[in-house]
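Chemist: What follows is each chain in one-letter form.
Number of protein chains: 2
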Amino acid sequence: MGPDSNILSQMRPFFNPRAIAVLGVSKDLWKFGSVIYGSIRNFAPQIPLYPVNSRISELMGEKVYPSISDLPEEVDLAVICLPAPLVPEAVRECSAHGISAVEVISGGFGETGTAEGKRLQAELGSLAGPGLRIVGPNCFGVYSPAGGVTIIPGSGYPRIAGSVGFMAQSGALTDVFCKLSQDHGFYINQAVSYGNACDINEVDLAKYFLADEKTRIAAAYIEGVRAGKSFFEAVQNLAAAKPTIIWKAGLSPGGAKAVASHTGSLAGSEAVWTAFFKQTGAIQALSLEDLSDTVSAFYHLPTTRDNRVVAICGAGGFAVAASDACYRAGLSLASFDEATHAKLTSILPPASSATNNPLDCVNPFPSPSMLRDILETVASSGSTGSIIIDKVTMSVPMRHILGHSRMVRSEEEPWLEELPVRIRNQFNMPVLVVMRDGGDPSYDSERRRLSKYYHENGVAVYSTTQRAFDALAKMIKYYKRKGQNNDR
Amino acid sequence: MGPDSNILSQMRPFFNPRAIAVLGVSKDLWKFGSVIYGSIRNFAPQIPLYPVNSRISELMGEKVYPSISDLPEEVDLAVICLPAPLVPEAVRECSAHGISAVEVISGGFGETGTAEGKRLQAELGSLAGPGLRIVGPNCFGVYSPAGGVTIIPGSGYPRIAGSVGFMAQSGALTDVFCKLSQDHGFYINQAVSYGNACDINEVDLAKYFLADEKTRIAAAYIEGVRAGKSFFEAVQNLAAAKPTIIWKAGLSPGGAKAVASHTGSLAGSEAVWTAFFKQTGAIQALSLEDLSDTVSAFYHLPTTRDNRVVAICGAGGFAVAASDACYRAGLSLASFDEATHAKLTSILPPASSATNNPLDCVNPFPSPSMLRDILETVASSGSTGSIIIDKVTMSVPMRHILGHSRMVRSEEEPWLEELPVRIRNQFNMPVLVVMRDGGDPSYDSERRRLSKYYHENGVAVYSTTQRAFDALAKMIKYYKRKGQNNDR
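So the protein lines, in turn, are chains A and B. The first sequence begins at 11 in our numbering and counts up by one. The second sequence begins at 11 in our numbering and counts up by one.
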């Protein structure tokens with residue numbers, strides 16, 4: 011039985027530990043050992059958590075145990091924050107006490123570039139096997155809300171588990187991705203910052219995300235890979251089963267140099283990675299925002315392979331901009347048949363500059379009943395696969411905040427904000443709403459409320475027109491390719 | 011004397027009227043006449059403002075005058091919101107009473123596509139001349155904070171005049187640009203939504219922005235132009251003197267169609283516009299965000315032609331991402347000489363993955379004194395033209411909000427946030443700070459405070475790494491070209 015054949019059971023204690031030991035806690039509360047101890051304690055007080063240090067007896071009001079052998083119960087996950095030279099021996103001791111999962115947070119290994127650092131990392135790696143898996147060293151650890159574990163800065167992360175699996179060498183990127191997930195209203199099942207990857211690496215995690223039933227969408231930040239062929243195969247299998255979105259950083263010359271100093275990986279050429287994405291079917295993201303935007307589309311929207319889109323805009327200028335954004339994203343503006351066009355013309359205000367797609371509602375405050383009629387006509391016309399609503403103020407409170415009552419008379423129907431959700435559910439069709447950032451605190455607060463409502467009800471929200479079209483395009487492209495493969 | 015030879019004096023009453031008449035106010039407070047009357051009244055109560063309507067005697071507690079001839083003093087600007095068929099006669103009456111500037115807000119002209127609409131617009135245009143200039147019809151009007159005039163939704167706009175001139179056919183885009191200016195902390199001198207442009211058009215406004223001393227930066231949203239050659243010449247002259255940033259929308263096939271229905275203009279091919287930008291030296295923006303990002307760079311940053319940049323990042327992963335963003339923007343990562351590199355290595359924490367550019371501070375909370383030493387070393391090294399700070403938490407309150415005190419021990423020096431401003435002033439060097447959107451209300455509020463402080467002190471703030479590099483690149487490219495032209 012090879013080390014990967016039981017990836018689910020081997021990873022289990024990282025994500026759902028029965029009890030956790032933290033080795034290397036310190037009286038100095040700013041040291042990583044105490045920080046991660048405090049983070050996990052705060053994140054999941056219900057998980058048995060044992061600080062270990064032979065030189066102190068108490069930490070944050072809890073008893074500190076002198077060694078692993080003194081713990082009152084068996085633990086299956088150890089989090090190690092000891093100085094690098096002490097780590098291999100500590101891992102041996104963990105293994106001897108039946109611990110099968112170890113996270114090594116400490117740095118001081120291969121990333122230092124020193125012979126001693128490399129030697130220590132090789133020694134650490136040699137301890138791993140099917141009965142003892144290691145995440146790290148030089149990482150922030152694992153976030154798994156269902157299992158009560160979190161990374162160094164993750165004490166305030168959501169306790170709700172979702173369906174996104176995330177991996178990154180970088181701890182900081184893992185942290186920022188977990189934070190962005192909250193703005194996008196998607197929930198993470200498990201996130202792993204795997205650092206120097208002396209054992210568990212991007213190949214193991216790709217296999218895990220494929221095997222794990224709760225992972226519905228896989229996302230990754232990749233600087234470089236060690237075993238190109240294995241990674242290619244693992245990602246190809248993963249992407250065939252689940253949307254797999256990868257931000258491959260370091261594709262520029264300077265970026266490749268930065269990758270080398272950051273994680274000592276080979277960044278690889280742009281041509282190689284272009285072929286990688288084309289052949290594996292994984293979706294390429296070009297930035298942190300692109301990565302989280304795309305995950306958000308897969309998370310919230312119903313699937314479609316139809317690349318026709320209707321944009322409903324609150325002004326003629328935005329209709330023009332939406333056309334350009336649609337084109338740049340590689341999607342098609344849907345065409346209406348004559349009957350649909352006639353119906354829309356009768357619904358839209360006479361001043362509308364565009365009764366063809368994109369539709370121009372003339373102002374950002376169309377009456378709720380008019381907007382309902384437009385949405386129903388468009389969604390039921392059979393002419394489109396998705397709808398993007400841009401520069402239309404979608405709630406009564408927001409209309410007040412933006413001063414609509416000084417400008418436009420319209421019914422104040424509280425169901426206005428429900429329209430995108432109704433259409434999404436009735437027609438099982440992706441509906442995306444563009445709501446710009448910025449504005450005063452009352453705008454921010456209402457934007458946050460409305461986004462949350464949409465996210466909880468399967469409507470995706472983006473802060474610019476282009477980001478909405480780009481994320482939708484990546485989703486449609488994935489399902490089209492998958493459909494073609496399945497149809498073969 | 012042609013109609014353009016006295017563009018400054020002809021435009022004066024639009025931007026600095028002595029008194030304003032609003033024709034077409036209504037008891038119905040949601041009609042455009044009453045809305046814009048209310049907007050201007052609220053925006054600038056000190057400006058003499060006279061509502062005119064023969065059928066009502068009072069509006070919002072103020073006396074309504076039956077006709078222009080009944081006004082108690084001479085006015086120089088008339089804002090007209092009458093039904094289209096009544097507009098030409100009203101304009102004649104305005105002219106007869108010495109009014110030399112008319113804004114026609116009303117729609118129902120050329121944009122309807124009807125013969126009658128086109129005839130009315132032609133009639134209106136025929137009334138214009140050096141002694142009577144017309145903005146509109148079918149527009150939102152003019153915003154000029156120094157002169158106390160504002161557009162339909164502009165009652166809450168800043169009363170502070172800045173140095174940006176903006177023009178757009180679209181009223182909605184004018185509104186959104188004016189709102190975005192507030193997030194970016196730049197102030198507008200004058201913004202004109204010129205609608206169907208029966209008289210004043212993009213050529214006049216380009217000439218005006220060139221002639222007007224207070225306009226330091228010109229920005230435009232353009233769907234199409236009527237007189238290509240005149241526009242080319244006007245923009246070429248303008249861009250030679252002042253940064254001129256143009257978002258040309260409708261470059262895609264669908265966008266061109268949308269332009270035709272929105273403003274009846276010819277959008278023009280992408281190749282034509284690529285040549286236009288190359289030959290005029292105007293800067294092309296690709297979206298609303300790009301437009302305001304770029305204006306922000308010109309507004310806040312000191313000029314430079316040096317395309318070398320140093321990025322200072324709060325994590326190794328962000329250093330990699332910054333390299334890629336720099337490359338995509340067409341800028342160069344600065345190289346350090348040996349002495350500078352040695353000095354930076356001694357300042358940065360031992361765990362730093364990158365002591366070459368981009369610099370990795372290891373975590374987003376470097377101590378203020380370390381950050382000061384890094385910034386001073388970099389800025390004084392002679393190796394770079396600009397500095398971008400990314401993923402570094404730049405204020406003590408923000409560090410508390412983000413929970414730094416649970417993670418990193420560092421001095422709480424209130425001068426931390428002043429560092430970018432000090433470096434900017436001491437070295438007269440562009441400094442840009444990347445601060446991401448999102449987060450909870452306390453984050454939003456501190457982000458707003460800190461952005462405002464930076465904007466008031468010549469530091470530009472962007473919400474993503476790529477947007478910071480792109481905006482800086484557009485600024486540098488403009489000054490490089492200008493420098494080359496001047497050096498000839």
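The set of hints was computed from the structure by calculation and includes no laboratory data. Glycine included, each C-beta is placed from N, C-alpha and C at the ideal position. Some hints could be false.
To be verified - Only pairs whose alpha carbons sit at most 25 Å apart, straight line, appear in this in silico BS3-like list of lysine-lysine:
1) Lys353/B x Lys267/A
2) Lys41/B x Lys128/B
3) Lys189/A x Lys462/A
4) Lys41/B x Lys189/A
As the list claims (entries may be wrong) - Cβ-to-Cβ under 8 Å is the rule here; a few derived chain A residues that face chain B:
5) Ala54
6) Gln56
7) Ile57
8) Gly264
9) Glu299
10) Gly326
11) Phe328
12) Ala329
13) Cys336
14) Ser363
15) Ala364
To be verified - Far from chain B, by Cβ distances over 12 Å, these chain A residues were calculated:
16) Pro58
17) Gly108
18) Gly493
Chemist: Give a verdict on every hint.
Modeler: The hints, checked one at a time:
no., hint, in the structure
1, Lys353/B x Lys267/A, "holds (20 Å)"
2, Lys41/B x Lys128/B, "holds (23 Å)"
3, Lys189/A x Lys462/A, "holds (15 Å)"
4, Lys41/B x Lys189/A, "violated (45 Å)"
5, Ala54, "violated (16 Å)"
6, Gln56, "violated (20 Å)"
7, Ile57, "violated (18 Å)"
8, Gly264, "holds (4 Å)"
9, Glu299, "holds (6 Å)"
10, Gly326, "holds (4 Å)"
11, Phe328, "holds (6 Å)"
12, Ala329, "holds (5 Å)"
13, Cys336, "holds (6 Å)"
14, Ser363, "holds (4 Å)"
15, Ala364, "holds (5 Å)"
16, Pro58, "holds (22 Å)"
17, Gly108, "holds (31 Å)"
18, Gly493, "holds (25 Å)"
Checked against the numbered hints listed earlier, the structure breaks hints 4, 5, 6, 7; every other hint is satisfied.
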